[in-house]
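Participant: Read off the chains here:
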Amino acid sequence: MSGLNQPVSLPRPGTWRMLVRDPGAGLSAGFVGLMLLAALLAPWIAPRDPFATDLMAIMQPPGGEYLWGTDGQGRDILSRCIYGLQVTLFMGLVSLIVGGGLGAAVGFAAAFYRRLDGLLMRLMDILLSFPAILFGLALAAIFGPGLTSVIIALSIATVPLMARIVRGAALVVMGQDYIEAARATGMSDARLVWRHVAPNCLSPIFVFSTLRLGQVILLGSALSFLGLGAQAPTAELGAMAAQGRNFLFIAPHISVIPSIAIFAVVLAFNVLGDALRDALDPRLRL
Amino acid sequence: MGRYALQRIALAAPVLLGVLLIGFLLMQVVPTDPATVRAGPQATAEVVAAIRTELGLDAPIWRQFLLYMSRLAQGDLGVSIINNVPVTQELSATMGPTLELMAAALVWSIPLGIFLGTLAAYWRGSWLDRIIMAVSVAGVSLPVFFLGLVLIWIVGFQYQLLPFTGRGGPLWTLDGILAVILPALTLGGVFVGPVARMTRTAVVDSLTADHVRTARAKGLSEYRVVLRHALRNALIPVVTLIGLQIGFLLGGAVVTETIFSWPGVGRLAVGAILSADFPMAQGTIIVLSAGFIVINLVVDLLYAVLDPRVRLS
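Protein chains in written order, with the numbering used here: chain A, 1 to 286; chain B, 1001 to 1313.
Just chain A, same shape as in the assembly:
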């Protein structure tokens, strides 16, 4: 079996060209970059204080003095969205890093130590059989509603998914001749995984992480919308949409604008993830 043309590999030359040629990918990558920048630079680019209330200017429609209008307490929606993006992306990234990291460790362990495989993957199947929202409800019941509960819940829900992806990719890589060769040189297990197996599993991990980030943000904002996540006065996009519900019939923009922001963020990650998958694994493009 030749190890050269296996499906799992580092980005080949031409991957970026393929990615750039896909207009959806270029647009979404640009949008994701812009959002990350906006979230990082929130204190400098937000036009106003996101917590400052102006009772003389409540529920202003978008377009006037306040570009995206104001909410029920006269707070600037644009500034709150920029800060909300910060909280939302932070929530998503932390859950992805914690859950994804744990999941990757489990996946590598299952692929590497075949005796553990059955047990580990059964445990992952069990975790997988419960929807993320249920973890969210249970953790909010135990620790009380809050951003921490949401992050823990989303991390737990990410572990089994990442474990499956990593195990599958690692098993393919482990069957290669060069792994056998490296093993024959007397390399330690940890070094073997770190130097040879993990780098060759990067592309599926990368694709999954991009798509998962979108899902995690969608779930997290839903939990915040329900009141189980970020608490007032924190500006979080899902929580902002929930606050606007009370004014839906007089000032729908208070709910609609943060909702559109979530939609745009998630859509960008989904389109980018799909494009990455197509570019990194051309067999999937039919």
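By construction, these hints were calculated from the structure, which means they are not laboratory data.
Here chain B is said to cover these stretches of chain A; the calculated rule only asks that three of the stretch's residues, wherever they fall, bring their Cβ under 8 Å from a Cβ of chain B:
(1) 129 to 138
(2) 211 to 221
(3) 225 to 231
(4) 252 to 259
Note that beta-carbon positions come from the ideal geometry of N, C-alpha and C, so glycine has one too.
For this one, chain A is given, so just place chain B on it according to the hints.
Facilitator: Relative to chain A, chain B alone:
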């Protein structure tokens, strides 16, 4: 088949036990003491102590667990702190509406998703395929509450076409059907995209299979080839994937119920957690988790019935 079913059930049993154990531990870590709550604010220390003994709260923890299990077996999940109603009573009143909502969402979204996915697969690479897939990605990215709020605002409020708060009655009455339309559109709306994507992949695989070529070679019409030969075989993985996506649907149901004040289990759970009604929160979480274990079991067994390879491997 019998052996596979037994194996699968044997796997589900410890998971169920784990869920019950976690439910039990949940009540151990919460800050309120059920005896004090049940005794009421004016009770003396003696009364509280008597209730503690009566509820078995002074027993060692493993005995408390056994007691809790025997109560569960009798359908006793405790009493709500907020309104003193037995948890099982509230749960049994809300389960019907949740199932009703989920059924109403699935009844239109699955056929539409399968239809769109098949169209996209048949004309793959065409503009139609691209449009359908773009709409699906958008659907997968849409927050449930966004769709719900927009429907309430436009259909419910601006044009006053349909009711948008609560359940109108049983589904066989006109009020019941009218009231379920907007929640079902909301919940089903986010489900069409995933179904269409799954169907497209399965039908594309199936269209290139040998049996489809044979069907074409026999001179069957395209309509028959696609419907009878390609789609029918593609449906097995699609049905399984849909079954496994029920969890995704439940997440949406919790949000949909909250927005539309639909009297279901999800709204009950969220309300209980937000008002720190621990027995109610515990009960809803146990019931939802147990529901999942059963749904997964049923889906796996159905899959094994539909596809003999599963049980023979």
